[in-house]
Amino acid sequence: MHPAPSLIIFTTLSGLGFGLLAWLGAGALVPTGWVGFVFYALGYGLAGAGLVTSAAHLGHPERALKAFTQWRTSWLSREAVLSVGALLLMAPHAAGSVFFATPLPVFGWLGAVFCVATVFATSMIYAQIRAVPRWHHWTTPALFLAFALSGGALLSGQITAAALLLALLAVVMVLHWHFGDRRLAEAGSTPETATGLGFMGRVRLFEPPHTGANYLLREMVHVVGRKHAVKLRVIALLGAAVLPALVLAALPASHLAAGLAIALHGVGLMASRWLFFAEAEHVVGLYYGRR
Amino acid sequence: MTSLPEKTDKKLGLVIDLDTCVGCHACVISCKEWNTQGYGAPLADMDAYGAHPEGSFLNRVHSFEVTPDEGPSAVVHFPKSCLHCEDAPCVTVCPTGASYKRAEDGIVLVNESDCIGCGLCAWACPYGAREMDPSEQVMKKCTLCVDRIYNDNIPEEDRVPSCVRTCPAGARHFGDLGDPDSDVSRLVAERGGMDLMPEQETKPVNKYLPPRAKDGLGETDVLAPYLDPVTEEADGFVGWLDRALSRI
Amino acid sequence: MSRQPALDLSPQVSDEIRKTTCYMCACRCGINVHLRDGKVSYIEGNRDHPVNRGVLCAKGSAGIMQHTSPARLRAPLRRSGPRGSGEFEEISWEEALQTAVDWMKPLREEAPEKLAFFTGRDQSQSLTGWWAQAFGTPNYAAHGGFCSVNMAAAGIYTMGGAFWEFGQPDWERSKLFMIFGVAEDHDSNPIKMGIGRLKERGAKVIGVNPVRSGYNAVADEWVGITPGTDGLFILSLVHELLRAGKIDLGYLSRYTNAGFLVNGGEGPEKGLFLRDGDGKPMVRDRRTGKPVAWDTEGVQPDLANGIDEDGVTHMPVFRHLADRYLSDDYAPEAVAERCGLKPGRIRAIAAELARVAFEEEIVIDQPWTDFRGQKHDQMIGRPVSFHAMRGISAHSNGFQTCRALHMLQILLGSVEVPGGFRFKPPYPKPPEAHPRPHGRVTPGAPLDGPHLGYPLGPEHLLLGDDGAATRIDKAFTWENPLSAHGMMHMVISNAHAGDPYRIDTLFMYMANMAWNSSMNTRAVIDMLTDTDENGDYVIPRIIYSDSYSSEMVAYADLILPDTTYLERHDCISLLDRPICEADALADSIRWPVVEPERPGHEGVRGFQSVLLDLGARLGLPGMVNEDGSPTYRDYADYMVNHQRRPGVGPLAGWRGEDGTGKGRGAPNPGQLKRYIENGGFWIDHIPEEAQFFKPWNQAYQDWAVDRGLFDAPQPYLFNLYVEPLRKFQLAAEGHGEHQPPEHLRGRIRENLDPLPVWYPPFEEDRIESADYPLHALTQRPMAMYHSWGNQNAWLRQIHGVNPLYVSRKVWDAHGFRDGDWAWLSSANGRIKIPVALMESLNDDTVWTWNAIGKRRGAWALDENAPEATKGFLLNHLISELLPARGDGLRWSNSDPVTGQAAWFDLRVRIEKAETGDATSQPAIPAQKSPVGRGPDMVAYGKEWTK
Ligand SMILES: Nc1nc2c(c(=O)[nH]1)N[C@H]1C(S)=C(S)[C@@H](COP(=O)(O)OP(=O)(O)OC[C@H]3O[C@@H](n4cnc5c(=O)[nH]c(N)nc54)[C@H](O)[C@@H]3O)O[C@H]1N2
Ligand SMILES: Nc1nc2c(c(=O)[nH]1)N[C@H]1C(S)=C(S)[C@@H](COP(=O)(O)OP(=O)(O)OC[C@H]3O[C@@H](n4cnc5c(=O)[nH]c(N)nc54)[C@H](O)[C@@H]3O)O[C@H]1N2
Ligand code: SF4
Ligand code: SF4
Ligand code: SF4
Ligand code: SF4
Ligand code: SF4
Ligand SMILES: [Mo]
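Protein chains in written order, with the working numbering: chain A, 348 to 638; chain B, 47 to 294; chain C, 6 to 951.
Take the hints with a grain of salt, since some may be wrong.
[To be verified] Short, incomplete list of chain C residues facing chain A, as computed with Cβ under 10 Å:
| hint | residue |
| --- | --- |
| 1 | Ser131 |
| 2 | Thr318 |
| 3 | His804 |
| 4 | Leu842 |
| 5 | Ile857 |
If you are wondering where the hints come from, they were derived from the structure by calculation, not from laboratory data. We treat Cβ as the ideally placed atom computed from N, Cα and C, and that holds for glycine.
Work the whole structure out from these sequences, hints included.
Listed below in structure tokens is the structure:
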């Protein structure tokens, strides 16, 4: 899949934002006043920026409201509903904390649940797509949730939780790659099944339908070099999970340490997300002799 | 509208004969010209005369090469458009309801005025049957020529998809695959019509008829008796000729 | 579930449908052009039309993009920069026509041959030929010489017609269809429809082609033959069929010259037919053992035995034939390796031919009477049919290979029988019924007769008293005596060399000679731009008519811009290349379904009308009235009112004052209206009893006379043995008053054999095979028409670049990988090209799609269009001359019989190119575009949607 910057930014920012809000809502820390303002602004800012980028990704952002209608079937619609729900539900808690030093834990908890649900919904947009076998697996929601929760924990300064979640994240990342690398084979889709011609022999693309480019190829067929991928995986794993965890474990708690851990995590997250898209092979590539 | 109908009254679709398709692309262009002036937004072409021309098409013809373990390779020309799947994943993912499957005939369509151009349906389609129009930024796909097949302004015999009407080789068939007695269903039964990527569990309505077995004459001598020489006799070929001539 | 949107399921499709004829290729399908707000909105096939019955190919459907192409010319142009630069100024029609007249008029008065008029694949050769004849120049031909004259001439000389546009398989009844060397052909849609129908009936298709794509991909059997060896393969099939006696002796003795006695005596008559006092060829009558005229009542021609006279044995043709092909030289074992096949494979195919022809015979209960007056109760058919095209004809052994194939069909008795091959009227038409070539020039007067024709002996060659060629292309000379379509590929080269003489004005129509239709493109460009010591162009003047900003436009001095096909009258005439089917006579028209408007410019005009206007201004006979006024207002007027013979004109339908005339009748002023009402065509079905056995069927002959196809019945026999060829051989052996030059004697003796022979392609003989081990071919892409498809916004997305396809053997040997580039060299040059793998390919063959490569700046495309940067032409590697032999002579790279350009003899070597610059070479600098560049976006039909 094409690792579109807008998608990478959207998913990373909104994941971090909702992760942070979830921790705030759950009352893991209850910042008030200016401090609260900074935390909630960060949470809302990240989540909101993510949503705005995702809308910008649309061909017709002006019709974005229509996307709230199909929550019964569409994970994308659910994500839209849940995200707005999360932001709204969280608002009284946030406003209470910031302006009145009066958290409203009921809203906080509900908001937190919605935040987590939003991240889950986001992940399901990808995980539901059978045509991208790497995504169509439980490790996709696990990965998104692990990122959101660990990132949120980092941002909200939950050192112990963060360290544990980062360890979990590392495991999930590895599992996502481990299973992911086998998914296409497991799905059983091959040039032979794509064309139904396997009974005749080995199938190879001879001529593409057009020598010109097309939307499908740009959108869904992206080939990453193997060496390149391994390098990025190392960066992603070290940056997103291992190094931040080490920083948290090894360095005394400080803003500097937290900042360093967050920065490393951010870099790793971006790398991981880039790989999430770039390494995902859509079965349509089978029709184009590319994977 | 993104839920799929429980069942459709008909299952209209195409049957494509891979034994007959010569790969001429007639269906590709006929589809383009019908649909660019018909249903929804035109099918735009960007950089049309430039270095990177790229337009939207609802039907494209690939060519594959198939190599058996023994014997010569073969080329198979392979047209592909929306298969109007029964379990169309492209429909259920759509957040706006723009994508839907018609209850009356199973045609999968995009209601372009509701489409936000998110592209998710194209991701969900395993077959690459949906393309975002590069100019209007709405999702385009095969309409099964819904604006032809019921069109009272078109002579009855022409109420078939544009691509079917135009196919010079007669490799494209249109009909109700839900009716076991329809011509298309019979063809599918006789010729072992197949689904593309059944493992994707989309239950495509369109079927593909596989190429018939090739190169069967081989070098075998089943046919050898037809070439038994006439020249066994002592007088050879001329003797045979003489006798044969006296019989006509 | 929520509601579905309400759809308008019955939108109005258009305001109006106008029916005319497609011109995106020479197939000439009927089209329904839908108009909306006066604009073309949709084009579909016309269901009633005999050619396409409703279907339409990709090019036809893309006609909208052709008609709206930004590359369309807008006004007459006069060159303002150097040739090739593309710099022009627009001028008025008056100025353009006056310039042309000023150039041409003095030539006509003094030396008409100094005007050379050559046309491409247009469909108005009966007009252009007539015009050139009236002008008086011998230098006229269309493109057939580089296209497929081998096929045409071999067919005419053998049986009065070839495949191609002359006939077609009996698609409804054939049970085995064998197709040689065809990627697409002129009969594009009918062949596809036919293959579809064969498949529906479960009939078998055998494809003989080094490349297994297109028709060969759907063939049940693929014979991946080595290029240039089909003749051997076919003669080996003949060998097997003869050995097994699987030939139709009755058919041979009744309908062919198999029984004609061949003079066995030494001397000037050797190898000619024995003739009686009336000059009629004789056969040995089996009843009496005596030689009698072949058409003697009740005669039973003996195919087995000859007669002895004065100690000389005169054997029948069939004995010569059997003796030759029964030889072990033609045994599968002897030829298979050379053909790249296995002996068993050849035998299996021969057996299948034998089985279907003789075991699956079909019978139609339709009585008919032959020309001898004999009545037959039934029509008996051998349901094997063949089709072949340039794959066997575009070789220097193509004429004889095509002959071999025609002979094979005849031996099986499958020509003009149910299930076999059927002629389309006005064919069959034997060589005798065609004119002879004419070339005698009289300044200020018309030529002595039609330019092109079928020589029957050396006396019909067009040679001056000094033995020099009469024509600039050297057609009808000893080098290529039967060059029935002329040799357009030699015109520029000969004109540049001043050999046989210099010309003044080269006038061309619809042929991209500076690019894809020339051999040796780079060299041709140099010839077109070459100057003499005074700085004048060696070819002084070039006038050209095109509709689009092609490569050739840039090399002309004066451009007469044509309309597109939807904007003009055209006539697809029985006098030319009509649209007939095997069971019907038919012709058709084009008419302006939209106006040829080019707002803000002088505008364009239909070339045929312009030609008539020019003719009138030049005062050419037939085009100008006594009072000096033009005889024809325009081409439409000519189509209706011109008469070639009394009562016979360009259009055969609705003739006579009352419009009831078929084929014959006085001009009918309402004729075009009737055509338009009928969908642009006229059709007249052949009576049932006349449907088959046309050359020998009395009913057919009478019907053909009635329809004006000829003026008296002309039954004839098929020529297994072509006597005119023998006449050329005799001359080469030293007999007769017309003698070839010494250096040609040998090859005339060898190559102009009256029975089919095979010899290796010439190029192969001139090179070290080890240096150039591969055969290089081109194929027509089905969705692209020569050079003019790439201006089409839709089609160019399908074929915007053309890789060179190489076999697995070559791929692995050179360690190629996807995306690699290679250098490809021939004896003539070197080009750099992208490569790709194809497994279904003869091991020693490489190929690419034809005419995708474009010159930068042409066709209103961006200078960096992929067609120009990655596309390429193989033409740079193909020379119009054979590699020099050191004898000081220019040997043309053509068939020695017909002069057909030997495109597919090309031999090459491939080497992997260094990585880096992914641009094809040679890269010819850009030409300026006189029409600017196309728009960035096309969203056709936007005003009608939403
Ligand atoms: N390598 C290789 N070269 C080949 C061949 C091959 O097989 N291999 N094939 C050869 C053969 S068989 C042929 S026939 C030639 C074909 O070669 P050409 O006859 O040169 O074919 P086109 O490129 O179509 O060029 C025709 C010209 O006519 C112009 N034209 C199109 N429509 C109209 C019209 O309505 N009016 C006028 N006035 N002009 C028009 C086009 O713009 C174009 O410039 O190529 C030959 N060249
Ligand atoms: N779409 C489309 N249609 C066209 C044209 C076009 O440009 N585009 N051009 C028109 C014109 S002008 C012409 S002349 C016709 C030509 O129509 P075709 O005769 O089909 O011409 P080519 O495309 O040159 O195909 C030649 C075929 O012969 C094969 N071949 C080459 N050498 C040999 C050989 O030695 N033996 C055998 N058995 N096969 C061989 C090649 O692989 C190729 O498949 O098409 C006409 N129709
Ligand atoms: S039009 Fe018919 S033969 Fe041509 S590519 Fe399409 S399906 Fe195949
Ligand atoms: S082919 Fe693709 S677009 Fe068409 S219904 Fe099936 S999944 Fe949807
Ligand atoms: S692109 Fe349009 S049709 Fe497709 S899922 Fe998005 S809104 Fe629905
Ligand atoms: S049915 Fe209509 S929309 Fe679908 S591929 Fe055919 S022509 Fe195109
Ligand atoms: S074959 Fe195609 S391009 Fe040629 S005349 Fe027919 S429809 Fe037109
Ligand atoms: Mo041609």
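Here is what the structure says about each hint:
no. : hint   : verdict
1   : Ser131 : violated, 39 Å
2   : Thr318 : violated, 57 Å
3   : His804 : holds, 6 Å
4   : Leu842 : holds, 8 Å
5   : Ile857 : holds, 9 Å
Checked against the numbered hints above, the structure breaks hints 1 and 2 and satisfies the rest.
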